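One-letter residues, chain by chain:
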Amino acid sequence: MNYAVEVQDLSKHFRLYHEKYSSLKERVLHAGNLPYDDFWALQDVSVAIEAGKTVGILGRNGSGKSTLLKCIAGILQPSSGQVIVRGQLAAMLELGAGMQPELSGRENIYLNGSLLGLSRKEISRRFDDIVAFAELEQFIDNQVRYYSSGMYVRLGFAVAVNVDPDVLLVDEVLAVGDERFQQKCLDKVSEFQEEGRTIIVVSHAPDMLRQICEEIIVIDHGKILTVAPPGEAIRIFRDSLIATDEVHTEPETVDGVSSMPRRQVEITEVGLEFPGAGERTYLVTGDPLRVRARLVVHQAVRGARFELTLLNERNEVIFGSQGDALAGGDVLDPGETYVSFVFDTVPLLDGRFTVNVYVRDAHSKMLANAEPAATFEVMNPGRSVGMFSLAMRTELSDQPIASSN
Amino acid sequence: MVAENELEHSETAPIGMLDSASSENDRSDLPARVVSARVLLRPRLKEIWKSRELLLFLIRKELKVKYKGSFLGFIWSMINPAIVLMVYFVVFRYFLHTAFPQFALYLFSGLLVWNFFGVSLGGASTAIVRNAGIVKKVSFPREILAISQVGTSLVFFFFQFIVLVIYLIGFHYAPAWGYLPLILAALVDLVIITTALSIFLSAVNVYLRDVQHLIDVVLQAWFWGVPIIYSYNRVYHHSHLLGYFFLADPITPIVLSFQRAIYGHVAPLGYSYANGASGPVLANYPYHFYLLMLGWVFVTGVVLLFISLLVFGRLEGNFAEEL
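Here the protein sequences line up with chains G and V, keeping their order. Quick note on numbering: the first sequence equals residues 1 to 405 in my numbering. Quick note on numbering: the second sequence equals residues 406 to 728 in my numbering.
A couple of the hints might just be wrong.
EDC-like mimics (lysine to aspartate or glutamate), calculated; alpha carbons at most 20 Å apart, straight line [as the list claims (entries may be wrong)]:
#, chain 1, residue 1, chain 2, residue 2
1, V, Lys471, G, Glu107
2, V, Lys473, G, Asp141
3, V, Lys455, G, Asp164
4, G, Lys184, G, Glu194
5, V, Lys466, G, Glu107
6, G, Lys121, V, Glu458
7, G, Lys365, G, Asp330
8, G, Lys223, G, Asp44
9, G, Lys53, G, Glu191
10, V, Lys469, G, Glu102
11, V, Lys466, G, Asp187
12, G, Lys184, G, Glu107
13, V, Lys473, G, Glu102
14, V, Lys541, V, Asp654
15, G, Lys25, V, Asp615
Example chain V residues on the side facing chain G (calculated, C-beta under 8 Å, incomplete) [to be verified]:
#, residue
16, Arg438
17, Trp454
18, Glu458
19, Leu459
20, Ile464
21, Glu721
22, Gly722
It is worth saying that the hints were derived from the structure and are not from the lab. In this text, all values refer to a predicted model and were calculated from it rather than measured experimentally. Every residue gets a Cβ at the ideal spot worked out from N, C-alpha and C, and that includes glycine.
Chain G extracted, bound-state conformation:
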């Protein structure tokens, strides 16, 4: 195997001081008895990332995912263990880190590029590409302090991607900027993927990772829970979220019989009903659809909300319903019940679609999830192309075009 990154028995340990004493007086006064907690941000983490793969690191805030990324990037030193990185590495932890507002865009490109490890010659060679990618041709000799935040981010990103790395580390930066810029970032990511570079993305947002990653490392409390393909990894991630939420909200039971965290609600079964399809096992564009989920309620829930998302083959969310918080939600009594998501018509054209189902409580805390809950196929009987079948007709007339404003 060709590994671009090998993490071997990596541990990172922090001392969390109850109070931060960084003046000499305080240090002397409290010498020897500083109250602190040991905190293991990473514990014996070992993982090897194959060259050319796009791998996500998924975990909640404080799970250690950013610490892992920073150790790989060489920004933090591990307490023990080591990381071996093969090839040129570029880390995008913050776009435009180290930009000097007093300097011009041109000077900042040189400064930033050399911070990321480029030589002056390499920067000069890529200078035009960088400026073009950032779309800052006109402003390149202006001081960066006059740049808008968007221009600032574009410049930072342009420098970082032009480092021409073998291994690219990305820390949620793709989530910044306007939509067009995000698209540009994603395009660049897929360009890198095609070129066989290794990409490691850290996020707490599973949907973004699902879109771009081949494999996801799920990390929780400084340990790796799993390394798996996106679907499975995200399921394990969600499970871990629910499991720990339970521990927080449900302390030991009074009678002491069960201290095992038990879910309030479980989704035990999800089925699809095609009311208009007859014998067919697939939908035709425009057919009605019912998604039905069987819920087992262990503990009464007030204000329960049900959500459903539809994903296409590329795992992009094409539709997501949000439970209406204002409506107050439903009351679930202990026992068994069924929830139905009813589509009178499904205006999708061809494709295979995945359904996910979620149950949340009044505070949006996830109580149960099923993903993927079910899949179905849609066949398009007509000639229209694209994603959706929108109601439209064509007319011919002599009437002139009315101004739309």
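Got chain G; can you put chain V on it based on the hints?
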């Protein structure tokens, strides 16, 4: 810390996999970077050397940003030392009646060294803290931040040196030609010592923010412990023991060398046994005596530099958390 070395790829690849591994995307030839808790001197020095271009960019940035938007700009870097020189000159020459011949030149040759030293340490102590933004987000040898402060002061040093040369020419003073190479040797020593202390202080200040205030106080006291305004020769004749004590301070031999080369031709040399208070300003030490002193400072400086690099490597591990 980040170390650069070529790893044996076969260590990690099982024998049976080698065939598939030697395809076109084989990475065994790519340089491998190892991030671990070990602090090794050689790879550190290598990393710093590799970042020399970054060092130049940072120095340029420092120079540009410092005087950006000010009308006199770069001239400010000359005004401050000029005023200091003038104040000392007036106070000591006219109020305290110091009778050194060409006292201003004597002051200048010593202050040149001290300005470099003081400005470097002052800037370097806060170098890491001020650049928290990049230290937390970008991986590069952080020593560079401290070293760039030394580099910036070195630029100022050269400008002041040019002013000194103009001064010499303008007043028709000749330096002690034979002793001029001492300046070069002393400057090397000075840069090494200053770099060592700068790296050390920049790292310690991350954990103990007192350092940046403490250093100002220490520098002020230290200044009066270096024979810049008074004469080492006279101190030595006052008390030999005190003289040796002075020489233990690595800055003193450097200052003495500068004074010997720049001022040594202007004033009479010699030992003063009769009257320490008004004897010659500079002693008549032979050339090799200066070389010996500078050699000693060089060794001290290199040892300090290695120690400070190791300390820095130790402390660097948690910079990102402490800032």
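Against the structure, the hints:
1. For the given pair, V/Lys471 sits about 15 Å from G/Glu107 by alpha-carbon distance, which is consistent with the 20 Å threshold.
2. At most 20 Å may separate the alpha-carbon atoms for a hinted pair to count; V/Lys473 and G/Asp141 meet this at roughly 15 Å.
3. Annotation: proposed proximity of V/Lys455 to G/Asp164 holds, straight-line Cα distance about 18 Å (limit 20 Å).
4. Between G/Lys184 and G/Glu194 the CA atoms are separated by roughly 15 Å; this keeps the pair inside 20 Å, and the hint holds.
5. Distance hint between V/Lys466 and G/Glu107 is fulfilled; the C-alpha atoms sit about 8 Å from each other, no more than 20 Å.
6. Under the criterion of a C-alpha separation no larger than 20 Å, the hint pairing G/Lys121 with V/Glu458 is consistent with the structure, at around 10 Å.
7. A distance of roughly 15 Å separates the Cα atoms of G/Lys365 and G/Asp330; the hinted pair therefore holds under the 20 Å criterion.
8. For a cut-off of 20 Å, the pair hint linking G/Lys223 to G/Asp44 stands: about 7 Å separates their Cα positions.
9. Taken as a hint, the G/Lys53 and G/Glu191 pair is honoured in the structure, with Cα atoms around 13 Å apart against an allowance of 20 Å.
10. A distance of roughly 8 Å separates the Cα atoms of V/Lys469 and G/Glu102; the hinted pair therefore holds under the 20 Å criterion.
11. A hinted pair counts as satisfied when its Cα atoms are at most 20 Å apart, and V/Lys466 with G/Asp187 does not qualify at roughly 33 Å.
12. Pair hint G/Lys184 plus G/Glu107 does not hold up; C-alpha atoms about 24 Å apart against a cutoff of 20 Å.
13. Only pairs whose Cα atoms come within 20 Å are accepted, and V/Lys473 paired with G/Glu102 is accepted, the gap being roughly 7 Å.
14. This hinted pair does not check out: V/Lys541 and V/Asp654 have alpha carbons roughly 36 Å apart, beyond 20 Å.
15. Our distance criterion of 20 Å between C-alpha atoms is met by G/Lys25 and V/Asp615, whose separation comes to about 9 Å.
16. Contact between V/Arg438 and chain G, as hinted, is supported at the beta carbon level, the nearest pair being about 5 Å apart and thus within 8 Å.
17. Hint on V/Trp454 is violated. Least Cβ distance to chain G is approximately 13 Å, over the 8 Å limit.
18. A hinted interface residue such as V/Glu458 counts as satisfied when its beta carbon comes closer than 8 Å to some beta carbon of chain G; here the least separation is about 5 Å, so the hint holds.
19. At its closest, the beta carbon of V/Leu459 sits 4 Å from a beta carbon of chain G; the interface hint therefore holds under the 8 Å criterion.
20. Interface restraint check: V/Ile464 against chain G, minimum CB-CB distance 11 Å, threshold 8 Å, status violated.
21. Among the interface hints, the one on V/Glu721 holds; its C-beta lies about 7 Å from the nearest C-beta in chain G, closer than the 8 Å criterion.
22. For V/Gly722, the suggested interface contact is upheld, since its CB lies about 3 Å from the closest CB of chain G, less than 8 Å.
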